[in-house]
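Colleague: With chain A's structure known, arrange chains B and C on it following the hints.
Protein chains in written order, with our numbering: chain A, 51 to 378; chain B, 1491 to 1882; chain C, 218 to 566.
Read the hints as simulated data drawn from the structure, not as lab findings.
Among the clues, some could well be false.
Said to hold, decoys possible - Distance ranges between label pairs, derived from CB positions:
#	chain 1	residue 1	chain 2	residue 2	range
1	C	Pro411	B	Asp1875	54 to 64 angstroms
2	B	Ser1617	A	Arg234	45 to 55 angstroms
3	C	Pro332	A	Ile155	55 to 65 angstroms
Claimed, not checked - What the simulated footprint calls covered on chain C by chain A, stretch by stretch (three residues with Cβ under 8 angstroms from a Cβ of chain A suffice, anywhere in the stretch; the number is not a length):
#	stretch
4	335–342
5	368–374
6	491–500
7	537–545
Even for Gly, the Cβ is constructed at its ideal location relative to N, Cα and C.
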Amino acid sequence: MSPADRRLFFLAVLFLAVFPQAVSSFDAVSHYVDIMVFVGIYSLVTLGLCMLMGYAGQISLAQAAFFGVGAYSSGILTVHLGWNPWAAMVAGAVVAALLAWAVGIPALRLKGHYLAMATLGFGVIVHIVFKEEGEWTGGPSGLVGIPPLTAGGWELYREIHWYYLVWGTVLVALLFCFHVIRSRVGRALMAIHEEEKAAEAMGVPTARYKVQVFVLSGVFAAVAGSFYCHYVGFLDPNSFDLMWSIRFVLMVMVGGMQSLWGALLGTALLIFAGNEWLHVFAEYEILIYGAILLGVVLFLPSGLVSLFSTHRFSRKSPGRAREPAPEE
Amino acid sequence: MKPWKQRLILWGMAVLLAVGWLWMPAGADSARAEEPYKVGAVFSVTGGASFLGEPEKKTAEMIVEEINKNGGVDGHPLELILYDDETEPSKANLHVKRLIKRDKVPVIIGPTTSGNSLAVVSIAEQSKVPLISCAASYKIVTPVEERHWVFKVAGSDSHVVGRLYEYMKAKGISKVGIMTSSTGFGASGREELQRLAPEYSMELVADETYGPKETDLTAQLTRIREAKPDAIVNWSVGPTQILAVKNWRDLGMGDIPLFQSHGFGSRKNLELAGEAAEGVMLALAKVNVGPLLADDDPQKKVIMEYTGAYEERYKEPISSFGGHAWDSLHLAVAALDAVGPDPAKIRDFLENTKGFVGQHGVFNFSAEDHNGLSKDDLAMVVVKDGDWALAE
Amino acid sequence: MGARCRRDALPGLVPCAAARALGNVHGALPLGTSRASGVFTGVPPEEARRGGLKLEAAFLQYTFSGLTIGAIYALVALGYNIIYNVTEVINFAQGEFVMLGGLFAVFFAGSLGFPLWLGFPAAVAVVALVGLAMERFVLRNARNATVLSFIIITIAFSILLKGTAMFAWGKDPYTLPAFTSGKPFFVGGAAIQPQALWVLGIGGLVVAGLSLFFHRSMYGKAMLACADNPAAARMMGIPVKRMVLLSFVLSAAIGAVAGGVITPISLMEYDRGALLGLKGFGAAVLGGLGQFPGALVAGLFLGLTESFCAGYLSSGYKDAVALILLLMALFFKPEGLFGSREAASLKRF
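The shape of chain A in the complex, shown without the other chains (with noise of 0.2 angstroms):
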């Protein structure tokens, strides 16, 4: 980690630790906890999706569809199958990797609009058969009854444990992105971004790393949902359809793609927004949404962590194609 991470991750630890406190001793955000535990299931799945699309360049419509994947294997193997938790959790990540190492062979040999369809395609199917299969998922009415997690015969159900735990997970998640992104897989994975062809032509397994990373971003994902499950208790199928998949994406753009730590500014900025600062502008959430990704894309194409500092990680920005078209 670069010496501008390694502050800015202890400031994180810092905040993590403190805001419980902070905020409990006040009635008006007393709450405010309650919603960080969501920012970090969702900062999870973000986290994945930064990583493939900041660092490999690759762009996936489908993450609502994993995290459903991790969801729905937690909430149906500890409803109907009685599994311990945190079985169902792995069991899940499983899953999902290998739903994500089958569809991105082909898929990333794509680019472009094909891949990005080919990932809504897989996402839609995906949330067509969490609706279809009601034997199993309950389909549109929802799982119900779904234990709490418990960790030795204790059952966590108060949010300041979750907090702890999810956050918890989130850090971990993103030391070990901090270390991809430093090992020669991720360097790899720049010059593929940069170049595809050079990079392959200096003999780098694109198509190989190119999936590593979408499995990783499926399995990150998977985990979300499973402590996602756990947490509510209660799933619908419609928290897992193509606009979920589409606000994970604007969370990674609105922070900046370009930035670890963009993923999580931007999921924090965008959840807190949506329940708690601009609800009551709940009518036009549809609106703001796309308003705030077309300005993102038009104007501030790097995200808002390129306002807070000059440092980017990787040389190619995308708000610029490799050369401008040719004037007319």
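Modeller: Chains B and C only, in chain A's frame:
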């Protein structure tokens, strides 16, 4: 990017957030002569269930105004703290938590949908705050041992289906073809249609499903026709319930009686379906057919009052779902009036309420029954000359 | 045969006697029947013969509905192709043009009370303007954007359009009166609504018009040149910017036509666009991105496949059919049925 642009963006966002924050409903920090009685509400005003949540919100706001005009509840002004869960379970979860922790309400009405209600029952149980859901699923209040604090005012789909089957059996129908949409609403209906069929000696000869955005139901209807049913039941909301009626008529299947779910129960649907809907039958809560009720029907008075006030205020016909908000809010107010803002006392009061005359029926709660309704609270209705009529 | 004449099987045109005769023809043995012993392992012969007649009618029914919706998919696919040909951009907002076409038609013909022959073209014109605005104000500002950015821009625009439609029209479905009133008529036991014929007819007109435009008119041929080689086209003096604008306007107009013509059959609401757009894209890819005849064939094929799937397999998974076909095409034959591999590999991505 140029620095002034950066600053502009940051300032713009800060202003937007500030506006949103200041606009939020205030907590209990304004000093009043008489402490207001607070009722929390979570409705799906936007999102997929907004056709349910919006009339609920309008109804609730109308009632609060009226009560406050008449002196409040036991002298205390009534304050409704309403949040929109956008038909999203995670938001319903957060809003209920906010109502309990920040706004400290003694009772909550809503959520609108079964899914969102199920997502928050555990919160109500753990925080020991009574929740009166406006959603239909029986799972909200069963098993009753785990739903000590949760009530619901909407009739279960089992009541509607039971009423339909009862009527069909009386008319000599025994073979039924069903078609349901793959939404929470449709799936719940399908479950009940399957479950209750043997009880009324009904044989389901066809069981079709379709997506909520389906543009053409002729395939499903054709398949049903091939199974030669005595009657068809369609269970959906949204455009597909209109489509079902139109396609049924166009395919020349008018000789096979068509029954709709209670989702069809609104004037707008009759308009959209037009002539094709002639003869379609459904089981409706009495709130929809106020004028048709007998004068000695205990519900007639409250229904006519509500429909009149709502139509006058909002210039649109009522939706039966708004009636759920009426029922839940008036129950909460009755509890507040009797025992004050104490969650545990409110809960006990609700559980022992009997003979409460509401829009959707006469409620009789008990320790075993946190719904309080039965299929006899529904009326069989047929579409005649573009309007409702009581079916014989 | 002695089968009763089922009124609902063949009402209207075909007299009962003919029905019985047809029944005899279809009274060929059902599966699993052994003529010799009369023992059957499948459906009882009486059922089957009656079922055989019904099978015909059902098959025809699925075919007609499949063709009708297939025409819509074909139109949407054409819209994708036009834009793609000139700009190599996939316009994710294509489905929203269809939705807007339907809703604006409702607005003009319904709320404003225009007669349909005025309201429908007015709606098409307005949506064409929306397409123009999209290109002019949004996409032109993103000239140096990466493919990823373009994708997100069109997605964002589609969300914006959907949000605006919800704001303007609310969440309710709306309907239009059919272009010609009349009861559906029956062919071989299957019901065809007059509006379905309008869909097919207008769809055919659009296709014919487009081919004429692309192969006979100067502008059309210029657009095709841009598709083949934008640099060369520019060097030949073709104003590529204007061609891009025209492609969006045309695409939006076609989408609007599709929307207006399908609304009397299946109503229209603010969020119908996404699924339609997705399936239309599936048809476009299946037929080969940029290939017009491919779009037509693939669109109809998709509609038929969906219809048969709903009729014979599972109605719940109907929507998945289009997507599975799309994925198959993308994974195994991205150039589509009519495209060529070399041409596809030369495309920007």
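Colleague: Please name the hints from earlier in the document that this structure breaks, with their numbers sorted from lowest to highest.
Modeller: Hints 1 and 4 contradicted; others consistent.
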